[in-house]
Structure formats: C-alpha cells, structure tokens
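Start from chain A and add chain B according to the hints.
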Amino acid sequence: MTRFGVIQFPGSCDERDALHACGMVGEARMVWHEDTDLDGVDAVIVPGGFSYGDYLRAGAIARFSPAMGAVAEFAAAGGPVLGICNGFQVLCEAGLLPGALLPNEGLRFVCRQVELVVDDAATPFMAECEQGDRLSIPVKHMTGRYFAPDEQLDELESAGQVVLRYAPGHNPNGSVRDIAGVCNAAGNVMGLMPHPEHAVDPLTGSADGLRLFASLAVSPAPRPEPVGS
Amino acid sequence: MKARVLIRPKEGILDPQGKAVERALPALGFDGVSAVRVGRLVELETDDADSLPELCEKLLANPLIEDYEIETGDAA
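Order-wise, the sequence lines are chains A and B. For the first sequence, my numbering begins at 1 and goes up steadily by one. For the second sequence, my numbering begins at 1 and goes up steadily by one.
Extracted from the complex, chain A is given alone in its bound form:
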C-alpha cells in the first residue's frame, strides 16, 4: 500500500484535504516543515495554502524549509512528488519544476470549477487517466498564471512535460498555452494549480481529482534508497 507524506508548512491550508484524499487510496501521514524524516514515505504531496504567508513571492520562503531539503533529495532519488497550488509554486521556486507562477491576469482571486484536459498520461501521476481525458477540478488562487519563456515551452511540449491544460475557454488566470500542470524531465515531480484533493467525492461535485491519487497508489515509482546509505 502506498504511503503518502503530506508536507505541512505554517500557512498551509489544504493539507487536511490532501491527507484525506491520500487516505482514500493508501496510508498517509503529515510531515511538519521542520522535519527531514521521509522514512517509509513512497510519495510526497506538497499541498496548497499560503506557506510562510507567501511573503516576497508565493513559495519563495518555503523552499528553504528543512522539509523541502528532504523533498529535494527524495525527488532526486526518483521518488514521486506532487505539488498542488501553493505546492506547485514552491516546487517551481525550488527549481524542481520548470517555469514560474505569476499573479492572475485579471488580478482577482479565482475560485471555480474548471475543466482540464490530460495532455500527457505517461507520468505516474496520470496512470489512471488517458491522454485526452477531461477532468473537472476546482481552482482557487491569486498567483496561478503559469509562465516560462517560449523556447522552454517548446522544449516542455516536445518532451511531454505538459501534463494538464485548461480546456478551451477554461483558462482562469492567463497561463501561457493554457498550461495547468507540468512535470520535470524525469517525470517523477509534478505540479498543478487546480486542487485534485478537493474533488474526491461526487457529493462535492466531482471525484475526478481522486484519479491522481489513485494513480500514485497503483503505480508508485520505485522507492528511493534511504539517503546516506
């Protein structure tokens, strides 16, 4: 059974929902931001919220937390890491994912259900999806406009690193090329602005988000060797 670790920063606010979503498909425990112990963890979730108040830039301070040092080592060893919303911002700031997140084009906080299209299903995060699948998942953010220089975007697209796009007419923030989620070159680190952990039960409108967590449960990447051994 996949064991998830959910990172909790001061200012995180979606870690409980992430823990709940992980618990529906595996085991899950919280990892406090001062902890560096990811022992026994098969997959890491960096959740949404406003880590360290999002001072300076969203995610800029959180990347220096002790837990993120451990997450970087975990990722370098091939462990799967999923960053959601603020977690996506943190992973970009940490250099674990390409690009950056800028303030929404409309300057407003957006909070709504959006339609996403699976652009590339080859990562472990998308094992339960197929290319072209549409997912209904909510967004809620102020700083979600994905940006990378054009040359880099071309590279990401040709390498299959654009995992999710907003469906036509659903781009809520002005992200370049409608990009909602990307992964690293190795395919074991992914970030997205929409919140799959808020879409795990039909009672709240959609259970499409659960497919990301279920994907990690059915196909966890090879477990990294303990660091230092």
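It should be emphasised that the hints constitute simulated quantities derived from the structure, not laboratory data. C-beta atoms are modelled at their ideal positions from N, C-alpha and C, and glycine is treated no differently. One thing to keep in mind: the hints can contain errors.
[Claimed, not checked] With a straight-line Cα cutoff of 30 Å, these simulated DSSO-like cross-link-like pairs (lysine-lysine) come out: (1) B:K19 <-> A:K140; (2) B:K19 <-> B:K58; (3) B:K2 <-> B:K58; (4) B:K58 <-> B:K10; (5) B:K58 <-> A:K140; (6) B:K2 <-> A:K140.
[To be verified] Residues from chain B shown here face chain A by an in silico Cβ test under 8 Å; the list is partial: (7) I13; (8) V21; (9) A24; (10) L59; (11) N62; (12) T72.
Structure of chain B alone, referenced to chain A:
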C-alpha cells in the same frame, strides 16, 4: 553598508498590476501616462556587499520572471 534592491517584472512579461494602475490614472485626471510597471524595493544593511548578487538570484528575485538592480553606498 546600506543597500537597496529594485525588483521589477522582466521586459515583455505582462504586469497586470501596472496595467490596473495605468487604467486608474485617467479617472483621476492624469492623462498621458503609459508603460506603468509595478515592482518592489528591498532595503537592507549588509557586511558583505559582494554577496548581494547571489542573494538576489537565490531569494530576493526570481531571475526567470524578474530583473533586479542593486544600489549601494550613497545612492542607497
């Protein structure tokens, strides 16, 4: 030593905050203002001015989306 770091959105990157300020100005009677860009200013004191560029690259600015200028000494 005192230093000031000016950080602004890179040329060519849409700055919606600057646009919002620009659009608000005519309503107040300030016509003919264009190309408004909003950045931020960081003031600090340091014993090691040589480390400022690295400090900017690693924390104060995100070089992918922001440019920065460092002023030290009297200018700061």
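Evaluated hints:
| no. | hint | verdict |
| --- | --- | --- |
| 1 | B:K19 <-> A:K140 | 23 Å, holds |
| 2 | B:K19 <-> B:K58 | 28 Å, holds |
| 3 | B:K2 <-> B:K58 | 20 Å, holds |
| 4 | B:K58 <-> B:K10 | 16 Å, holds |
| 5 | B:K58 <-> A:K140 | 28 Å, holds |
| 6 | B:K2 <-> A:K140 | 40 Å, violated |
| 7 | I13 | 7 Å, holds |
| 8 | V21 | 11 Å, violated |
| 9 | A24 | 12 Å, violated |
| 10 | L59 | 7 Å, holds |
| 11 | N62 | 6 Å, holds |
| 12 | T72 | 21 Å, violated |
Figure legend: structure checked against the earlier numbered hints; hints not met, in rising order: 6, 8, 9, 12.
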